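Asks: Given next are the chains, with one letter for each unit.
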Amino acid sequence: MNSPCEEMRYKIADYILGILSQDEIEALDKHISQCSQCKEYADALQNEKQKLLQFGENLDKEMNSREIKVIGALDRISNVKTKLPSIWRIIMKSHIAKLAAAATIIAVVLLGIHFLDKSATPAYALEQTIEANQDIRFLHFRFDCSNVDMNKEAWIQYDQNDNIKNIRVNFGFRDGENKDLVEVWNEGKTLVWKRHVNVLLIFDKIAEYKIYTPMMLAFAERFDPKQAIVYLYKMQQDGRATIEIKNGTKNDEPIRILGRYLRGKYLTHYRPNMPHWYDVLVVDPQTKLVTQIELYEVKDGGDELQGVYKDYDYQPFDPNIFDIEKEVPSDAVRIVEYDCTDVNSVGIERGNLDANQIGPVVVQEFFNALIARDYEKVGQLFGGMPTNEAEMQFGNINIVRVVSIGNKVEKNERSPAYYPCVVEIEENGKISEWRPRVIVREVLNSHSQRYRVGAVK
Amino acid sequence: MDEHSDKNLVDISCTGDRKAYAALVKRYYRHVFLVCMGILGNVHDAEDIAQDAMLKGFLEIKKLRDGSQFNPWVTRIAKNMCINMARREECSRKAIEEKATQPNETTTQNNSIQQAIEKLPQETRLPLLMYYFDGQSVKTVAEKLDISTAGVYAKLRTATKQLHEILKGDLT
Numbered sequence: 000m001n002s003p004c005e006e007m008r009y010k011i012a013d014y015i016l017g018i019l020s021q022d023e024i025e026a027l028d029k030h031i032s033q034c035s036q037c038k039e040y041a042d043a044l045q046n047e048k049q050k051l052l053q054f055g056e057n058l059d060k061e062m063n064s065r066e067i068k069v070i071g072a073l074d075r076i077s078n079v080k081t082k083l084p085s086i087w088r089i090i091m092k093s094h095i096a097k098l099a100a101a102a103t104i105i106a107v108v109l110l111g112i113h114f115l116d117k118s119a120t121p122a123y124a125l126e127q128t129i130e131a132n133q134d135i136r137f138l139h140f141r142f143d144c145s146n147v148d149m150n151k152e153a154w155i156q157y158d159q160n161d162n163i164k165n166i167r168v169n170f171g172f173r174d175g176e177n178k179d180l181v182e183v184w185n186e187g188k189t190l191v192w193k194r195h196v197n198v199l200l201i202f203d204k205i206a207e208y209k210i211y212t213p214m215m216l217a218f219a220e221r222f223d224p225k226q227a228i229v230y231l232y233k234m235q236q237d238g239r240a241t242i243e244i245k246n247g248t249k250n251d252e253p254i255r256i257l258g259r260y261l262r263g264k265y266l267t268h269y270r271p272n273m274p275h276w277y278d279v280l281v282v283d284p285q286t287k288l289v290t291q292i293e294l295y296e297v298k299d300g301g302d303e304l305q306g307v308y309k310d311y312d313y314q315p316f317d318p319n320i321f322d323i324e325k326e327v328p329s330d331a332v333r334i335v336e337y338d339c340t341d342v343n344s345v346g347i348e349r350g351n352l353d354a355n356q357i358g359p360v361v362v363q364e365f366f367n368a369l370i371a372r373d374y375e376k377v378g379q380l381f382g383g384m385p386t387n388e389a390e391m392q393f394g395n396i397n398i399v400r401v402v403s404i405g406n407k408v409e410k411n412e413r414s415p416a417y418y419p420c421v422v423e424i425e426e427n428g429k430i431s432e433w434r435p436r437v438i439v440r441e442v443l444n445s446h447s448q449r450y451r452v453g454a455v456k
Numbered sequence: 000m001d002e003h004s005d006k007n008l009v010d011i012s013c014t015g016d017r018k019a020y021a022a023l024v025k026r027y028y029r030h031v032f033l034v035c036m037g038i039l040g041n042v043h044d045a046e047d048i049a050q051d052a053m054l055k056g057f058l059e060i061k062k063l064r065d066g067s068q069f070n071p072w073v074t075r076i077a078k079n080m081c082i083n084m085a086r087r088e089e090c091s092r093k094a095i096e097e098k099a100t101q102p103n104e105t106t107t108q109n110n111s112i113q114q115a116i117e118k119l120p121q122e123t124r125l126p127l128l129m130y131y132f133d134g135q136s137v138k139t140v141a142e143k144l145d146i147s148t149a150g151v152y153a154k155l156r157t158a159t160k161q162l163h164e165i166l167k168g169d170l171t
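Top line first, the protein sequences correspond to chains A and B. Taking numbering that gives the first Met the number 0, the leading residue of the first sequence gets 0, the next gets one more, and so forth. Taking numbering that gives the first Met the number 0, the leading residue of the second sequence gets 0, the next gets one more, and so forth.
One chain only, chain B, in its complex shape (with noise of 0.2 Å):
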């Protein structure tokens, strides 16, 4: 399979061949982990929805025209689904009114580096995440969220520069 276009491939999954869009997931599960990652910032809630939308992929295969087209299809379809998660949390938070305000983790000295990347703002994640996991290629990851690489140089350095400050404890 794994010789097989991505437009093969989204083609014989329409027929319901799991091994087909097995392939598929080989191929691009990667990548929207990573943008999940990017907009999420939590590994537990990525991995939960890349997989539903890896599934929901599967389920809705047949939606897909342009079998070319797979890896953004998918990519936003996972995209909406962080989207719908990260509001829901909002939800959750105000429905939950945590009154008892919780101690602020300013703990400077043990934030670990997954936590700093948590409280990163999401427009610098997610470039942050793509550089330093993906070959550290500014064009790749200028073509893949199709920003310029001027644009990804800036979002590096600024990333770069609150990474610091989150472990520093300077911006929590």
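Extracted from the complex, chain A is given alone in its bound form (with noise of 0.2 Å):
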């Protein structure tokens, strides 16, 4: 079809809405009698809207069996909250009985009889870590791995709503690099500071918002025990995971919660090849909070404890703690990480060349478009810095001739590898040297394929 009168459009859109005076329909009328193309696409208009009727009648009419879908999960639920506790009650009035009670079960899980209905299986232990969480504002815990070298300390704040706030999240690394970061996480902004190498990586909003939004989200929602018995909850319902409850035999000994994932589904839709694990949440019995989440990995020779989260701390602390600005010293390289939607309108592909021979030419491309005042192409250069924000932060800067680019220089604690670099500026009509170190450091997410200016110092 060919484009209909273009102020007609909208008065067509506006009569398929039933929008238009009785007046405004008329004239309508006439120049649709008139026009081939306009009455071709009100008919199209018209058409679309009985198919949006029709699917709106479609849907109506599964309404009601969605509605009694999320009744009949209500009545598991209400099952959960209302009868198994009274029943656990009376069972547990004599010793004599929590003991049977106990050894039934574990008698039951030894057998690997999965005996409970799907749903309430995990109702006792469950229901009343939920509500004791419900009240918590605050959470600290830390994480040993096993067979990586690594260990984590994580602070966690959450709103009067029970969204996460903020999180921080100390990395170690004790493989002799002495790699040491900082990530920190509110909504709408991602900080990273590599105290290492003496580097705050600042994600702009869309960055941020596809990579560490969802990363850090994920993290939360399986070892932020508020989330993460939901999560198993939900896994559970999926048919994802199945969920087993060992009560401990005397009152001060902990419950744990057994989350076991069906083969290839765990962790799977943040990282695919994930290997069969499983994770064990322990909770106090007194206080029904979760005091350590251990993970498991399921192997033929037994199964291997891969890292522990643990020292699940629930008092208040400073939030100055997520304000990591203030900790970071003032000559650090600040490296701003732009949208990386497109990988390949960013930085220069390596090709052929080694991760050393490709720093020169980022670096040389990188000047000659400052002397070009092409500042499209620096901001290209710079991973995506918008061009007006490329003109604003280097358009005073008058190059007109590359004296040197040196060889790299190793990074260290106060610093990240970089090119010294000699060239000469005009200021005034005189010529003067300026000596900046580059950085240069590959593209977010290019896979080591693709290289840009980290930053000039």
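Source of the hints: derived by calculation from the structure; they are not laboratory data. Computed from a predicted model, the values in this text were never measured in an experiment. Positions of the beta carbon are idealized from the N, C-alpha and C atoms, including for glycine. There's no promise every hint is true.
[What the hints assert, rightly or not] List of simulated lysine-lysine pairs, DSSO-like, C-alpha gap at most 30 Å: (1) B:Lys55 / A:Lys68; (2) A:Lys50 / B:Lys25; (3) B:Lys143 / A:Lys60; (4) B:Lys138 / A:Lys10; (5) A:Lys68 / B:Lys6; (6) B:Lys160 / A:Lys233; (7) A:Lys60 / B:Lys118; (8) A:Lys287 / B:Lys61; (9) A:Lys10 / A:Lys68; (10) A:Lys68 / B:Lys160; (11) A:Lys50 / B:Lys61; (12) B:Lys61 / A:Lys245.
[To be verified] Distance windows between CB atoms, simulated: (13) A:Glu23 / B:Asp133: 17 to 27 Å; (14) A:Asn150 / B:Lys62: 28 to 38 Å; (15) A:Asp330 / B:Gln121: 38 to 48 Å; (16) B:Glu164 / A:Phe316: 48 to 58 Å.
[Said to hold, decoys possible] Just so you have them, the derived chain A footprint on chain B, three or more residues with Cβ under 8 Å: (17) 28 to 42; (18) 45 to 51; (19) 137 to 148.
Starting from two chains that each stand alone, build the complex the way the hints lay out.
Replies: Written as structure tokens, this is what we have:
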């Protein structure tokens, strides 16, 4: 269909929506009777309206069954909330009964029989832990990994609606390189402080949203007890996990919640090739709060402990811990990571060059773009910096000649690796030398295939 | 239960009464589902999240201080869950890094209305769904979305045009 009269498009849409006055309808009818293109357009919209209404009717037909499904699920949860604890209390009145019940549970687990109803299985402990978590606003915990030489320490703060407000994770690596980094996330902003090279990475809003927000939320979903229980429950409902609850035989013995993920279903939305793992959430029988989360890998020779999230502490702490700008030294190199949706549009492709050879090429191209005052190219070489921002940052530097690009100076505890450069600049009719240090880094998500200028100091 | 006010039903639900909460489900599930559908664009995801939001509402009903605010409260829960899901989906796509770019579905002839709705931008999809599936009243949509009727008109016009373009294969 050729384009109909532009001014009529909105009138036709309004007509379809039923918001034209009688006079306007008559005027439109008159036009349509004389214009085949507009008639075709009006017919098409009318046809689409009918399809929409039909789709709506179909959706509505199934609404009742959806409600019934929800109410059915509600029944199961309701049973969890009301019936099981009271039965439990009756059973647990005598110490002998407690032992007998616990022995029965253990025997059933050992026999590997999943005898409880799918939804009711996690009932007792899960519901109580959800209740206990309700007023929690602060969380602090540590992580030790058995196979990777790394530890983590995390702080989470929640808002009044239970949503995560801030997350800070300190990573410590003990692999001899003394890597040490801090990640802080809050809605709309992520900072990563690489302490071992004195670099602060700042993620712009789009890059942050696409990379860090889902990553941090996925992390919190599993190791923040407020969400971990709900996550397990949801995975169970989706048929991706089974839950077993092992109550301690004594009052002070922890409750252990085993979330067994089906093979190939563990964290698959996040890491498709994860091996067969399962989690054990250890719950304090008194407070009903999670005190530890253990991660196991299922292996032929026996399940192997891979790591432990431990020392869960729910006491309030100083929220200033999320303000890492205060901790970052003033001489730290600040690198902005821009939107990385199209990695091929930023930096320079490495091609046959190795990581060391591509560095001087990127630096040279960057200076060439500055000499040409091509700020679109400058921004592109700077990892996707918007053109106007590139002009604002570099517009007052009038480079006339590149004198030298030195050999790479390797990273140290005060600085990332950089290229010492000498360029001539013109200022007020005078030529002088400028000796910037240019940091080159790989383009985010380019898998070492593309490189960009990270910072100029 | 049907004659009770929202506040009454919420108060009774706080005691663990599932029948009272079921009445709230009957009253508001449809709206919550439509909002989820408007944000996610996909029927199955909308069903999942709408159900989860309703169940979460039951588990956390004691947190709701003003029972008359049940509908906006449970809708807000659903919206947050939708946003989290959308983020996880984004993460998933990122993690999988579908290098073998999937063939662009520009099969213009066979685009069903459901696929076209899924492809609409979220800001126009929600008003369009509410308008057609909720009585075709601009005033009602405006009230539910808390925007002006003029704003709803503008979004509906844009949505109508976008939907047509998607179905014609001009905008995928």
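Asks: Against each hint, give a clear statement of whether it holds in the structure.
Replies: Structure-based check of each hint:
no. : hint                            : in the structure
1   : B:Lys55 / A:Lys68               : holds (15 Å)
2   : A:Lys50 / B:Lys25               : holds (27 Å)
3   : B:Lys143 / A:Lys60              : holds (22 Å)
4   : B:Lys138 / A:Lys10              : holds (20 Å)
5   : A:Lys68 / B:Lys6                : holds (24 Å)
6   : B:Lys160 / A:Lys233             : violated (38 Å)
7   : A:Lys60 / B:Lys118              : holds (23 Å)
8   : A:Lys287 / B:Lys61              : holds (19 Å)
9   : A:Lys10 / A:Lys68               : violated (43 Å)
10  : A:Lys68 / B:Lys160              : violated (36 Å)
11  : A:Lys50 / B:Lys61               : violated (42 Å)
12  : B:Lys61 / A:Lys245              : holds (28 Å)
13  : A:Glu23 / B:Asp133: 17 to 27 Å  : holds (25 Å)
14  : A:Asn150 / B:Lys62: 28 to 38 Å  : holds (35 Å)
15  : A:Asp330 / B:Gln121: 38 to 48 Å : holds (43 Å)
16  : B:Glu164 / A:Phe316: 48 to 58 Å : holds (52 Å)
17  : 28 to 42                        : holds (count 5)
18  : 45 to 51                        : holds (count 4)
19  : 137 to 148                      : violated (count 1)
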